[in-house]
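Construct the entire structure; sequences and hints are all you get.
Number of protein chains: 4
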Amino acid sequence: MIKASFIGIGKIGQTIAYSAMTRGIFDEVVLYDIIPEFPEKFEHGLRRALASLRIDTEVIGTNSIDDVTGSDIVVISAGRPRRPGMSRRDLFADNAKIIINKELPKRNPGAVYVMVTNPVDMMASVFAKYSKEYVISTGDQVESMRLRAYISKILHVPVSQVDGFVGGEHGEDAVVLWSTVAVNGKQVEDLPKEQIEKYVKSIPGDIIRVMGGTTWGPGTIIADIIKAIVLNENRVMSIAVPRQYEDEIIHISIPTVVGSKIGPTLEDHLSEDDRWHLIAAMKDYYSVYKDMLKSIKTEGEIVS
Amino acid sequence: MIKASFIGIGKIGQTIAYSAMTRGIFDEVVLYDIIPEFPEKFEHGLRRALASLRIDTEVIGTNSIDDVTGSDIVVISAGRPRRPGMSRRDLFADNAKIIINKELPKRNPGAVYVMVTNPVDMMASVFAKYSKEYVISTGDQVESMRLRAYISKILHVPVSQVDGFVGGEHGEDAVVLWSTVAVNGKQVEDLPKEQIEKYVKSIPGDIIRVMGGTTWGPGTIIADIIKAIVLNENRVMSIAVPRQYEDEIIHISIPTVVGSKIGPTLEDHLSEDDRWHLIAAMKDYYSVYKDMLKSIKTEGEIVS
Amino acid sequence: MIKASFIGIGKIGQTIAYSAMTRGIFDEVVLYDIIPEFPEKFEHGLRRALASLRIDTEVIGTNSIDDVTGSDIVVISAGRPRRPGMSRRDLFADNAKIIINKELPKRNPGAVYVMVTNPVDMMASVFAKYSKEYVISTGDQVESMRLRAYISKILHVPVSQVDGFVGGEHGEDAVVLWSTVAVNGKQVEDLPKEQIEKYVKSIPGDIIRVMGGTTWGPGTIIADIIKAIVLNENRVMSIAVPRQYEDEIIHISIPTVVGSKIGPTLEDHLSEDDRWHLIAAMKDYYSVYKDMLKSIKTEGEIVS
Amino acid sequence: MIKASFIGIGKIGQTIAYSAMTRGIFDEVVLYDIIPEFPEKFEHGLRRALASLRIDTEVIGTNSIDDVTGSDIVVISAGRPRRPGMSRRDLFADNAKIIINKELPKRNPGAVYVMVTNPVDMMASVFAKYSKEYVISTGDQVESMRLRAYISKILHVPVSQVDGFVGGEHGEDAVVLWSTVAVNGKQVEDLPKEQIEKYVKSIPGDIIRVMGGTTWGPGTIIADIIKAIVLNENRVMSIAVPRQYEDEIIHISIPTVVGSKIGPTLEDHLSEDDRWHLIAAMKDYYSVYKDMLKSIKTEGEIVS
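In the order they appear, the protein sequences are chains A, B, C and D. When you line the first sequence up against full-length UniProt numbering, it's residues 1 to 304, in that order. When you line the second sequence up against full-length UniProt numbering, it's residues 1 to 304, in that order. When you line the third sequence up against full-length UniProt numbering, it's residues 1 to 304, in that order. When you line the fourth sequence up against full-length UniProt numbering, it's residues 1 to 304, in that order.
Derived from the structure by calculation, the hints contain no laboratory data. What you are looking at is a predicted structure, and each value in this text was computed from that prediction instead of being measured. Since no wrong hints were added, every one of them can be taken at face value.
Any copy will do: because identical chains look the same in the list, a pair fits if it lies in one copy or spans two.
Calculated pairs, DSS-like style, for lysine-lysine (alpha carbon to alpha carbon, straight line, at most 27 Å):
(1) K283 x K129
(2) K193 x K41
(3) K106 x K186
(4) K132 x K102
(5) K3 x K227
(6) K106 x K129
(7) K227 x K11
Shown next, in the form of structure tokens:
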């Protein structure tokens, strides 16, 4: 009996829930949001999809946090998107207040928490700091799939034959871990590395500019992370697990074995160059994070 | 080698394409729309999803109708949604102009055309009239799944055990074919029929009011119709196939065997009451359709 | 909660159970056989397969018929194979004694019974006669897939694009229903009909001669019938449902809609020629069956 | 385009091929064996299964080694089973002669070779020694799934929540890597370790005694290894990759990341105790292997 709860069902939350539920991996699902009627109507939309797919998962949409109790896995995508003129720090402060939510840990002790809300790695760290629960950030698995899709496209090879991970902090500072990149199991010479790195960083902005955002990629990729946990697939994915760094818990993406047990990370198997980048990313992360933490004066409000 | 083309990739077109492609049933997919850059960016979004799922379908997003050539299946969801103050006739005329598209039949003779654009049944009939190609309307399979989902919810039974179809014209005049309704293979006494019929008709409006539209249900259900065709599943679904009625080809949903061959329809196996409703639906359809056809003065413009 | 029981786990019973269980469609499975330790060891073999596939179905192997209680679906493949020098009548008598089993209907009233034991159609009729329960014969769905596989091979077309059904009694008297045969949705001219019919009838003997029997085909095909029932897929398959013919219930395969509700059959949609063959098959069946029934003097023994 | 070849289609070869092919992961499959007519008839059996599943893989059964050319993956299960009175050394010598096959590497350079023939690890090492090709042994992934299935059974927990690997040489000297064992992501206290270890070693013998052998477990598990390679799943599995040890290449199972690229192994993440066992296994392996190698006087015969 696997019970999953989705906290926040905006566009990305909906796509993750849809993609994960249509694989038939849950017994029970709770869709939670604070907007009145919204989760209930989403429930009705999903029920029709499940009817067509003959999937018997029990699903409820709710505005009551009490329904989010006893979950095995809690996926958090509640929060605000970045608006024009809003600094990253503003986003941090706003969403941290939403995320530092005493209701969730109290009702779901021992669950695996999966953070999606941006800035995703820091939200995971903040949640870990205040809840003491185990939380991962979906981190750079999204970038890793962008990397593979693009190499597949420019080299005209099937995407299933492309390997490679991106690590570090999710977003513009993510780094391609070149020692993991391979096609058909072999390292490739003469890849246009700069062009690839540029693509990995710039494509989300390009998609947002033209389509006003798209959640097909991240929604599917995050659903695959959830599936790896729920079905204990023991798959390597570039996600961020909690790690002690000086006096804080931080979240930096590294290729990591994902199953019902999460870990180990595979940083020791990377090239020295790649490891150096990851160490630098941790240092940067820590320094910015410490600074950001100051913007949370209180322990914040509560989602419900 | 199955080549599928999606014409029009607004919200519903995107959801259908996503849901169908993530099943891995195509070898090649063309995503076509007239909005500049849009199909190309959607392609990039999908490629990341396919990377995560290890699905090797070749996919291109394009503004060039020339890429939509030699398809086995063409899914048409191009067109405008109904705006406030717009009559059904206005929608008919606007979308018929888009749909009566000489470019598609010319480049894809003998393909199976799947109509999604609203008013969906009449758009299928118009397309059949002017293109002479074989076209189905996705019709009431969507309502059929709404019916099953709701019975599952109110009776607390797994949705996979609920049977039942809705027929007639897609939309407010659709009729529940009560002789097909069963739970766990058995007819159910004392179903609250009026309440169920009201739900089937009113839920889309309720979802639109709260969520501003949702494509999870229809997108998945239409993807399942496409899958039944592409994989020749020989499944019974309530779709509309072309049928001669007096001097026109019309499209009215009836439970129909769907595979690489579409048909037969199962109307002879329905109760007399259900059949009477379908006959009435055809008569109404014909009369409205003849009237609507007057709104198309010329044979219309061309998508590209 | 779907509970399935498999009665008799010889080679074919094992393959059906394996193929069905590895789709993840059951909640609980009972593997029953009278051979001591055998079901228990088969359980262990299957558990390792399910571990690898991350499928959580509860499974027990047992020699106690009491465990086969409250099933939703009961698959019967208990019985003896035909030995050299054994007439068909001998097989009928031997297996009827095994099949006419008061323990199963008593413990699983209202279940769907799926007959696999040969002679399969007559065993279904005998079971129906004595148990009064609803039972289908897996009949000619096996021949139908042989037909499609062979047309695919000789015409070099993907098998998913080949349609066609075989009807009548399972075995040497089965008839190709030529009006159902199509490739890519279209009737094919100039098919080598005699060669195809010969193949459909002779290939099982050829496989047995070389490989000593093979259950990969029938096991998968029967698992697909079970899946269509359990997931209510509403798929057309050539199976045999109980049908009153004069004073007996008989089982003759006809393309039939298979879901949690089984039926209607599609005989009215066949060509006159095909229907004529089916009518002749029923007549022959009835006459042989009446004769065979004499070989059962008592109501027989009980499996356990 | 993925082409897979199966060399040797006895019981285990058939089950692996069936289990892998019915997932739809190949474009083309060659089934090769030296027994006349046998592969061709197996092909016919499989074609019917694929027809039912709507899987369009091209498949041929053949006695001609020339058809086994240009494969991406070659699965070798040719060889003899151990007969009564036959020593392990006899089996080694007999099967090594079959396995050291110049025809395969010549026609499939750069393929991934997957060894299944027993003694599986040494056959992989022999093949590597003489072919210079990349070959893995399916090793202890089979034992690992036995381990999980048994813990699931005795603790009454879903098998998908059980983690754990077995390492070392496949067979009676395999060792449970206790530091990898977890339920629901957590280490378990008070497991009956001796009882579990005994089960992992003795269950194959028990199954063989009662059922005369069963390939459902190993066939599925090895198909999952193949799927992880072909779809580049990056999953951790306990297989054996080639490793230099003194003057030989040896194969010892260790949890290893399996994708289109195979590796790294995760031995550094095991407990000291577990690592000590693996080191001891390598030493033992080397010493026995060196001794066994003497039984191959010539470079052996060729399969074809």
